[in-house]
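S.K.: Sequence:
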Amino acid sequence: MLPSRIDPERSPRRVLEPEERAAELLFGLIMVITFTGSLSVASAGREDVRVMVVGALGCNLAWGVIDAVFYLMGNLADLGRRASTLRALKVPDRIEDVERSLARSLPPLVASVLEPAELSSICRKLAALPEPPPVKLSARDLLGALGVFLLVFSSTFPVVIPFVVVHDVARAMRLSNAVALTMLFLTGSVYGRVVGRSPWIYGVGVTMLGCVLVALTIALGG
Numbered sequence: 004m005l006p007s008r009i010d011p012e013r014s015p016r017r018v019l020e021p022e023e024r025a026a027e028l029l030f031g032l033i034m035v036i037t038f039t040g041s042l043s044v045a046s047a048g049r050e051d052v053r054v055m056v057v058g059a060l061g062c063n064l065a066w067g068v069i070d071a072v073f074y075l076m077g078n079l080a081d082l083g084r085r086a087s088t089l090r091a092l093k094v095p096d097r098i099e100d101v102e103r104s105l106a107r108s109l110p111p112l113v114a115s116v117l118e119p120a121e122l123s124s125i126c127r128k129l130a131a132l133p134e135p136p137p138v139k140l141s142a143r144d145l146l147g148a149l150g151v152f153l154l155v156f157s158s159t160f161p162v163v164i165p166f167v168v169v170h171d172v173a174r175a176m177r178l179s180n181a182v183a184l185t186m187l188f189l190t191g192s193v194y195g196r197v198v199g200r201s202p203w204i205y206g207v208g209v210t211m212l213g214c215v216l217v218a219l220t221i222a223l224g225g
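No gaps in the numbering here: position 41 of the sequence shown is 44 in our numbering, and each next residue is one more.
To be clear, the hints were calculated from the coordinates, so they are not data collected in a lab.
This structure is a prediction, so every number in the text was calculated from the model and none was measured.
Where is the CB? At the ideal position from N, CA and C, for every residue including glycine.
Taking lysine to any residue pairs in the SDA-like style, the calculated list, with each CA pair at most 25 Å apart, reads: (1) K128 - V138; (2) K128 - R85; (3) K139 - R84.
DEER-style ranges, computed between Cβ atoms: (4) V197 - P136: 30 to 38 Å; (5) A142 - P110: 22 to 30 Å; (6) V198 - I164: 28 to 36 Å; (7) L122 - L60: 46 to 54 Å; (8) S124 - D81: 20 to 28 Å; (9) L112 - R53: 48 to 56 Å; (10) L60 - E99: 52 to 60 Å; (11) V197 - V116: 19 to 27 Å; (12) L75 - L212: 24 to 32 Å; (13) D81 - E121: 20 to 28 Å; (14) P110 - L75: 19 to 27 Å; (15) R90 - L122: 12 to 20 Å; (16) L219 - V113: 34 to 42 Å.
Make the full structure from the sequences, and use the hints.
M.R.: Right, here's the structure in full:
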C-alpha cells in the first residue's frame with residue numbers, strides 16, 4: 004500500500020544512483036589507465052613502477068576530492084533552485100511564470116498528462132507550504148560526496164596491484180590491462196542494465212570508449 008503523503012524532507016533517490024556510480028568508476032579507471040599505459044615495458048625498472056603507482060594513487064586521490072567537492076556544489080545549487088522556486092510561488096504576480104518553470108522541470112511524460120488546472124493546483128499547494136529553510140548541505144549530501152571520493156580513489160587499486168605483487172613488468176602490465184578491461188566492461192554492463200539496454204553491447208561500447216579516451220589522453224600529454 005502506497006503512503007498517502009510523501010515526506011518533502013526525504014528524497015526518494017538513493018545517495019548515489021547506479022548510473023552515477025558507473026560514471027565515477029569510469030572516470031577513475033580512465034585516470035589510472037592513463038598512468039599504467041604510459042609505462043614503457045621495455046625500459047621500465049622497479050623505480051619507474053614505484054613512481055607510476057604513487058602518481059596514479061596521488062592523481063585519483065586528488066581527483067576524488069575534486070569530484071566530491073563538485074558533487075556538493077551541484078547538490079547545493081539544486082537545493083538553491085528548489086528554494087527559489089518555492090519562494091517565487093508565494094509572489095502572486097509570478098505564479099504564471101513559476102507554473103511554466105515547474106512544467107519544464109517535470110519529466111516530459113508527467114508534464115504531458117497534466118492539465119493546466121492540475122498544474123495550478125500543484126502550484127497552489129506548494130505555495131501553501133511554509134517558507135523553505137536556509138539552504139544547507141545535509142548528512143546525506145556528505146555521504147554522497149564520500150561515496151564519490153571512494154569510487155574514484157578505490158578504482159586505482161585493482162589496476163595498480165599487479166605492479167606491486169608481480170616483479171616482471173611485462174607480466175604485470177598484462178595482468179593490469181586484463182583487470183582494467185574487465186572493470187570497464189562490467190561498468191558498461193551495469194550502465195546498460197540501468198538504461199534498459201543490452202548489458203553486453205554497452206559493456207563492449209564502454210570498454211572501447213575507455214580505451215579511446217585513454218589513448219587520446221596519453222597522446223595529448225595528459
